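*Asks:* Using the hints, position chains X, A and E against chain R.
Just so you know, the protein sequences line up as chains R, X, A and E, in that order. When you read off a place in the first sequence, starting at 1, and then add 24, the result is the number in the numbering used here. When you read off a place in the second sequence, starting at 1, and then add 24, the result is the number in the numbering used here. When you read off a place in the third sequence, starting at 1, and then add 24, the result is the number in the numbering used here. When you read off a place in the fourth sequence, starting at 1, and then add 24, the result is the number in the numbering used here.
Worth flagging that the hints you see were computed from the coordinates, not collected in a lab. There could be a bad hint or two in this list.
Since the list gives no way to pick one copy over another, a pair counts as held whenever it fits inside one copy or between any two copies.
[As the list claims (entries may be wrong)] Keeping only pairs whose Cα atoms sit at most 30 Å apart, straight-line, the calculated DSSO-like set for lysine-lysine is:
| # | residue 1 | residue 2 |
| --- | --- | --- |
| 1 | K106 | K307 |
| 2 | K288 | K307 |
| 3 | K89 | K307 |
| 4 | K112 | K230 |
| 5 | K227 | K89 |
The model shown is predicted, which means the values in this text are computed figures rather than measured ones.
Number of protein chains: 4
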Amino acid sequence: MIIVMQFGASQAQIDAVCEAIRSRGAEPLILPGEDRLAIGIPASLDSETRIELESALMSMDGVNKVTQTSRPYRLASREWHKEDTKVKVRDLVIGGGSFIVMGGPCSVESYEQLSSAAQIVKETGAQILRGGAFKPRTSPYAFQGLAEEGLRILHHVGKEVGLVTVSEVMSGDAVPLVGRYVDILQIGARSMQNFPLLIEAGKSGKPVFLKRGPAATIDEFLLAAEYVMSQGNNSVILCERGVVALDRSYTRNTLDISAVPVLKEFTHLPVIVDPSHGTGVAKYVAPMAKAALVAGADGVMVEMHPNPKAALSDGSQALTPSQFARMMDQLTRLHDFVSSEP
Amino acid sequence: MIIVMQFGASQAQIDAVCEAIRSRGAEPLILPGEDRLAIGIPASLDSETRIELESALMSMDGVNKVTQTSRPYRLASREWHKEDTKVKVRDLVIGGGSFIVMGGPCSVESYEQLSSAAQIVKETGAQILRGGAFKPRTSPYAFQGLAEEGLRILHHVGKEVGLVTVSEVMSGDAVPLVGRYVDILQIGARSMQNFPLLIEAGKSGKPVFLKRGPAATIDEFLLAAEYVMSQGNNSVILCERGVVALDRSYTRNTLDISAVPVLKEFTHLPVIVDPSHGTGVAKYVAPMAKAALVAGADGVMVEMHPNPKAALSDGSQALTPSQFARMMDQLTRLHDFVSSEP
Amino acid sequence: MIIVMQFGASQAQIDAVCEAIRSRGAEPLILPGEDRLAIGIPASLDSETRIELESALMSMDGVNKVTQTSRPYRLASREWHKEDTKVKVRDLVIGGGSFIVMGGPCSVESYEQLSSAAQIVKETGAQILRGGAFKPRTSPYAFQGLAEEGLRILHHVGKEVGLVTVSEVMSGDAVPLVGRYVDILQIGARSMQNFPLLIEAGKSGKPVFLKRGPAATIDEFLLAAEYVMSQGNNSVILCERGVVALDRSYTRNTLDISAVPVLKEFTHLPVIVDPSHGTGVAKYVAPMAKAALVAGADGVMVEMHPNPKAALSDGSQALTPSQFARMMDQLTRLHDFVSSEP
Amino acid sequence: MIIVMQFGASQAQIDAVCEAIRSRGAEPLILPGEDRLAIGIPASLDSETRIELESALMSMDGVNKVTQTSRPYRLASREWHKEDTKVKVRDLVIGGGSFIVMGGPCSVESYEQLSSAAQIVKETGAQILRGGAFKPRTSPYAFQGLAEEGLRILHHVGKEVGLVTVSEVMSGDAVPLVGRYVDILQIGARSMQNFPLLIEAGKSGKPVFLKRGPAATIDEFLLAAEYVMSQGNNSVILCERGVVALDRSYTRNTLDISAVPVLKEFTHLPVIVDPSHGTGVAKYVAPMAKAALVAGADGVMVEMHPNPKAALSDGSQALTPSQFARMMDQLTRLHDFVSSEP
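The following block holds chain R by itself, in its conformation from the complex (with noise of 0.2 Å):
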């Protein structure tokens, strides 16, 4: 940590600042600045304590910046995991090398709806199965999912035509029933920092694959990914879907497909990038999946529906599935070429 006093603090400003750094355990190092005087941090400090100091030197008179050093995230740091995390779900491998396609309905409607799909998640060679069962609904007045029937019907779906399912959970007290139908259980971007969803997840041991809140930094991601981690969850799947858009007229948000450099950069888990919500618009999801692949993700999310003009929720970024299966063999195709790139 890395303290830049005001311009022009007293001597007893500095020595205020020194003297709560020592009564941490820590010893200052003062460094003179330009115009300005910096003091530094040198020895470690437990993260607790270092948000603690951080704190209470932010209030302190003649204080104008505190700098951290460090990323404040361990777990999920490639600093300290440096080879990639790879998840496994009964017999598929997440990240490290793959490339996941989760495919599926926004939302299940019914046995006959999500079989349809699975069929063609199946088919096309996609190896997850997405499907809603609680959604989170901006309106109290728009379809809220079937809830534990569309657990239900996933559940018996996946077994039925052999595919992981992965379904979104809302709050934590959920956590076992979801827990109980899915293979993985997806947080959702409105829920990344719902931390007592984060910690059950954490605890339940169940892989998840946790949505990028639509402005959250890529530290505040890492940090949600960490509460989990910290429950001794290593099984994190992390998932782009867009930032909130400064132009919402042309696409739903924005999505960041830098996101995916980085993040492979300062963490050792998967990235999935989903273009459905990342876009809302099903023309431009093919175009953004490919996107993600070459930039380094290990999979995407895309949403696909067999009547996507009936779909009960988010129709207008659905794809049908033939464009769903066009979309498979474009990204099979050009896996297959960047895997064999030198």
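*Replies:* Then chains X, A and E, alone, in the frame of chain R:
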């Protein structure tokens, strides 16, 4: 609802849209446009059908965009409820002309700390005591609050000093626990779209203090209030607390003061402003509290700590007791002045 | 400047950074960090060398980040110039305690229109007459202003009615022309980083009214002022006019009122707020003007049109004469109240 | 255009809106709405009248919102010009299926530096040499470029090595000067709404390389292109270079790759991506260049410096010659692969 077709949409595409509208029991009205055609839906649809139809239409061929002519919220809308809602909590009335101040520390740290803060809150004429017991912290390594022990202290001190109390609840299943100790349930900015929590808070019947999410639009904010109200609970108090900042180097968020007159126009619910989180810097709190007042807010929430340098969270934005007293003085006189204006 | 090395940076990388610093005439100071090393530069470097060195360091192997400990602006900084700058224009003083109102139409449309507006500006006690002659319009098909004819009218009306005048100049080569007719040169938000224009405006020696760009940080804003001041012209008036809005459906921009106390702390230049562009909605103008005043602004710029429904540009945000008069009344009384505060 | 009236608008207000429409020569069509009324304008209005009418309507009592059903741009729109525009510069064709790379240093620093860079550009198969002579720098103390001397070097080296050249022009009055030396006029992101410059660049008849402003919507970007085209110059090349980032700590901007398929759908103009400014970090440039390619871009602009550590500007985002060569290799093979796809 108005559907604008794409330039060059075919007759078959237009017919399909009309058919989709008719199948939901409404009659389409063709509006020949400048260089493309629009289709209006004059008859009333219930909210659920409208959302479902919008989703369906957006995935249809030839459709360019779908515009809602009504606001998506009903219960929260001033169109249907002209007079200001007054939320009553014990003897206190929030909304309808008074100016309320909620003061106290970010976190309850001990009986001594809270009691000392509460006495200043009381003496300076503020009406509500705040104090976090369950703290949503970005990092799992930061102080997470005293949990139930913190609630117990808050309840005790509130009674002792004679102040209404407010504290955050982070998940639906904790609503009964928190509700047992405090007068007003706070739903934090990160939880604004925690829908299970909104529903439980609605069911509790207790007054709900709802903070705007850092990237939430006005419609999303009012739809979150609508979730609470849809459970029969009209005691919702809105709180603007800053949106994601373009520039995070001088303030933590950008306090959107213009949200005050906007909200006062479109909803009948009381509107409070939180300049502490809105700026993140103690010295900007008083000027922004005054700005909120003259812009029409029904009150402010302000963090104050008996000793900010020793605060376990957010010390840099907490006022000292003397700064708080000075701000209260200014706000009181300013509110008198504003109230006497013709 | 402080350079934080990457975790695990090699000794050779550290040596190379130190060498780069020494080659610019400064002495590096090693600061052993918690889990990585930082290097400080205590000696003073001139601004140009500092920027060049920062750029070089950021491309060096093993460097994690480079933090400036000084603000990048000097002439605009309050650190080097404690007292408020008072910009004098004819008999008027902007900054230093007064509260100035700039009123008038978005565009000069005719002698009659401007003359009628000017009389209201004068009668209600506002001090400066605004009116655009060269209009920066998003569309090439929108009304572009009356050009020199508009300036001629503005000059004439300003003299006739006895008001100081301000109008926008859009390019460096037009500075002499616009400067011939008006008292204050306005540099619009879209031109905030039109550096050739900033330099010419600086050279002209005329007072410059500089609007913040819609996505400009505080540092970028003050560096734009620095461009003008670097030409020996200290008569710079800053104007906050709204930053890009997260939600464009209720207001055109988000007026950043907290920029007022921030700017007043970090610069000595006067700060004006433009609630007309800041909100884009006539009915929010008065509350936001009052908010600006109590937050510490030195004045406001407000659009007013004798007949907004017939305005050739921005009619929806212009006040009518009676709305303007009412706002002036309120601002006058509010300023009296605020000035009498202890 | 569709006007949505406020809930409860009076008949007199409705009549006034209809009258305003009729006075511009169009016939209003009443659309009785769900709980409020809408008014459509079916007849064609020219662009200028449409903008003027929209402004007038938005200030009228009882009007809730005004929605345009047509896009505001015409010349740039693919609706009116189906086939891809191919911009021809000497023997080179930009747009229409090829993939172009523009490479070179941020700033021209010397003949030796540029000549060395140009040889690598040429050898690796890139087609266009970039190099700034007039540099828009945030700080007046940063290196401002070699001005005409830089242009002279660029012209000379371009001829010597046999490369098309591009360089930025910052003001309308400098268009003739810059146009004398270079093949393509670059208009930088900060100048995207420098309308006098757009008009002069349009008049020059030279190909214009137009960068999207960091906070510009797609409509604003295409209207800037429309300014150039309205002068009879259709040789406009669009460039996405990153929008303002939510999180500036890992990348300088957020590169909006989804703007590529959006732009390719709505305009016929070629679309180039600049991953150097888009990310600001050398190691993310190649992955993002590949992402741009598969998303459908017509090329990329990439900064490369013979020795980034000695660069006078933006060294941290410049590739070394060997990194550039490696990226060219990858892009060439990837473009071959993509072109061979069915």
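*Asks:* Please go over all the hints and tell whether each is borne out by the structure.
*Replies:* Hints, verified against the model:
Within a single copy, K106 and K307 get their C-alpha atoms only as close as 37 Å, which misses the 30 Å cut-off; across copies the closest is 18 Å, which meets it. Taking the closest pair of Cα atoms, K288 and K307 come within 30 Å of each other both inside a single copy (27 Å) and across two copies (12 Å). Taking the closest pair of Cα atoms, K89 and K307 come within 30 Å of each other only across two copies (15 Å); inside a single copy the shortest separation is 46 Å, beyond that limit. Taking CA atoms no more than 30 Å apart as the test, K112 paired with K230 passes inside one copy only; the shortest distance there is 10 Å, against 45 Å between copies.
In the homo-oligomer, the alpha carbons of K227 and K89 never lie at most 30 Å apart, since the shortest distance is 37 Å inside one protomer and 36 Å across protomers.
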